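**Q** Here's the letter readout for the chains.
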Amino acid sequence: MENTTLAHHLILAGLLFVLGLTGVLMRRNLLVVYMCLELMLAAATLALVAFSRFNRTMDGAVLVFFVITVAAAEVAVGLALIVALFRKRGTVRSDELTTLRD
Amino acid sequence: MIPFLADIDPLFKVLAPRSADWLTILPEIAVAGLSLLCLLQAMFLPKALRLLIPVTARTGLILVAIMALTSGPWMQSADLTSFAGLLRQNLPTDGVRLVFLLSALLTSFLAEGFLRDRDAAIADYHHVLLVVTAAFMLLTQANHFVTFFLSLETAAVGLYVLVGYLRRSEASLEAGVKFLVTGGLSSALLLMGIVLVYGALGSAGVADSLNFTQIGKALAAQSAAGTVSPLTLTGIALILGGVAFKLGAFPFHAWIPDVYQGAPTPTTAFLGTASKAAGAFTLLLLATGPFAPLATKLAPLLAGGAVLTLLAGNLGALATTDVKRTLALSGVAHAGFILAAVTAALVVPGVEAFGYDVEQVVVFYLLAYVVGTFLTAQALVALPALEDHRRPQLALRGLLRRSPLLGGALGFGIGSLAGIPPSVGFIAKLLVLALLVSAKLWWVLGAALLGVAIGIHYYFSILREAVVRPTEDGEEIVALELPFGTRALVFVLAAASILGGLFVLAGR
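Read top to bottom, the protein sequences are chains A and B.
Numbered according to this note's numbering, the first sequence spans residues 37 to 138.
Numbered according to this note's numbering, the second sequence spans residues 877 to 1384.
Hints are not guaranteed to be accurate.
What the hints assert, rightly or not - Chain B is nowhere near these chain A residues, computed Cβ spacing over 10 Å in every case:
(1) Asn39
(2) Ile47
(3) Leu48
(4) Leu51
(5) Leu55
(6) Met62
(7) Thr93
(8) Ser130
(9) Asp138
Unchecked claim - Some, not all, of what chain A presents toward chain B, calculated at C-beta under 7 Å:
(10) Gly59
(11) Val60
(12) Leu67
(13) Asn91
(14) Leu99
(15) Phe102
(16) Glu110
(17) Val113
(18) Leu121
(19) Lys124
(20) Gly126
As the list claims (entries may be wrong) - Pairwise CB distance ranges (calculated):
(21) Thr1197/B x Thr40/A: 52 to 60 Å
(22) Thr58/A x Leu1378/B: 52 to 60 Å
(23) Thr58/A x Ala1113/B: 16 to 24 Å
(24) Arg89/A x Lys923/B: 52 to 60 Å
(25) Thr58/A x Leu1356/B: 49 to 57 Å
(26) Leu945/B x Phe122/A: 15 to 23 Å
(27) Ala108/A x Phe1360/B: 42 to 50 Å
Derived by calculation from the structure, the hints in this document are not laboratory data.
If you're wondering where the values come from, they're calculated on a predicted model, not measured in any experiment.
Positions of the beta carbon are idealized from the N, C-alpha and C atoms, including for glycine.
Generate the whole structure from the sequences, applying the supplied hints.
**A** Below, the structure is given as structure tokens:
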């Protein structure tokens, strides 16, 4: 642990972020897409903590708490919507959501 | 880690909020309190008195607006920083506060009848609506990325609820889920942008690298020395992308038609006005505030964005036949107008049109857009529709005969949105065009003028159905019954759509 630098943390955070972004763009199952969104938030949080630790400023560490709270609120509302949609339509695949069109 | 914990206690004593700080956000606190009052009323009022809930919410909103206009530390010309630099208020933020209060008030008028017809809870809708309003009001005053992110997300989560509000409607749920995924994606990009700016500037030795004022100073010094790191630029690009999503600017406008079409119509109107206003104003704040030192880099980006947004919105609206989708895409075109005004401010700092600066023009444009949108929405809400999410232009056929008042509302609303003189929308567009001329942004000016011309075509094809086309032969003309409140509201809004613009011109 002594040898890890800021760059190590940032590369890991960047990988996680790109992984999440790819998932959001490529996957069709809404629950998986939603997990990938959370992964992107987690990657941002990791970068935030790393910056806070290595730059010796507290602000980032404080923002992390807010981000976690926001993510929790988003999940609560998001899962409720997805469950309601599943009850109504019987599917959570995004390519089958075609009610809205011209 | 532990050493800097020792700094926290003295720091807290310096930074702790004072009573004067709380006073500066009294309108926001009042709106949040009002939202809780809605829930309390729903718990304790007997069923017969439930109809008081929207009335209290509206009365409260009007009182808050009066308070925000007349008393307290508001409406001062100097900047007012509170909560140790977390918030900053000035005349434009006080003005845009009124845009949010007004659009929440008008949304409540629309929602009451709409939700009652569909047997959905009215109190909960008002609760969430007011929370989102308060969050938007705070968002435009943010002077720090923590307040910025938190109020933006509070509003976003509330809007997910409002879009997916009709649990029994497939369209509403589908719109809610689509909004949720695209909104979540934009939030994640925005957060990553904030983190990169925070980290890159923090590594360069900036003490409080989440504070807008500090970021502005650091970027000014770095861009003068030519040492702005690529990490900072990536972060700024991600932040502007996240805000462009809220505004619905190209290339982040793909979600708009679906979500606006599927959402309950009052929510659509609220999304189109308040959410767009929040996006527009935060973009203006960021571009002319902390990111102003990079104006030469940002201006071409925003100018290109404005041209493409204007074209994408107008051409898209031309190609649709569903009224709600047409209005959604025309909203993208309006976002292009606002983006053009922001670009003008970046190219020529302090640019003016008829003596109004860019902040005033943007606030006025948003107010004009609120008036036009809600007049049109009155007509859309009153129409009986078999399927909520499909409102083909045919549904408007014969509207003028069935209800001359609603036909008139649609006429005044569409006229204002299209920018027909002497409506308030025309004056607003004129001010933006004048800004573009004084900033010599000829390409953007051309796209804007082209947009106005295309706009007249698709706006009037909506109006033609309502006014000119008769109903089917032999079909009985059923008059639409309107409650007194709606009739009064249509008259007030129609008067505002004519007199507002003249009032602004007379002010000079």
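**Q** Look at each hint and say if it fits the structure.
**A** Going through the hints against the structure:
1. Asn39: holds, 18 Å
2. Ile47: holds, 13 Å
3. Leu48: holds, 14 Å
4. Leu51: The claim stands: Leu51/A keeps its Cβ more than 10 Å from every Cβ of chain B (closest is about 13 Å).
5. Leu55: At about 12 Å from chain B, Leu55/A clears the 10 Å cut-off, so the statement holds.
6. Met62: holds, 13 Å
7. Thr93: About 5 Å separates Thr93/A from the closest Cβ of chain B, which leaves it inside 10 Å; violated.
8. Ser130: violated, 7 Å
9. Asp138: The claim breaks: Asp138/A does not keep its Cβ more than 10 Å from every Cβ of chain B (closest is about 5 Å).
10. Gly59: violated, 11 Å
11. Val60: The hint holds - Val60/A has a Cβ within 7 Å of chain B, the shortest such distance being about 6 Å.
12. Leu67: violated, 11 Å
13. Asn91: holds, 4 Å
14. Leu99: holds, 6 Å
15. Phe102: With a closest approach of 6 Å, the Phe102/A hint holds.
16. Glu110: For Glu110/A, the interface hint holds, since the closest Cβ of chain B sits about 6 Å away, which is under 7 Å.
17. Val113: holds, 5 Å
18. Leu121: holds, 4 Å
19. Lys124: holds, 6 Å
20. Gly126: The hint is violated - Gly126/A has no Cβ within 7 Å of chain B, the shortest such distance being about 11 Å.
21. Thr1197/B x Thr40/A: 52 to 60 Å: Check passed, 59 Å falls within 52 to 60 Å.
22. Thr58/A x Leu1378/B: 52 to 60 Å: holds, 54 Å
23. Thr58/A x Ala1113/B: 16 to 24 Å: holds, 19 Å
24. Arg89/A x Lys923/B: 52 to 60 Å: Cβ of Arg89/A to Cβ of Lys923/B: about 56 Å, so the range 52 to 60 Å holds.
25. Thr58/A x Leu1356/B: 49 to 57 Å: holds, 51 Å
26. Leu945/B x Phe122/A: 15 to 23 Å: Given range 15 to 23 Å: violated, Cβ gap about 47 Å.
27. Ala108/A x Phe1360/B: 42 to 50 Å: holds, 44 Å
Going down the numbered hints, you'll see the structure goes against 7, 8, 9, 10, 12, 20, 26, while the others check out.
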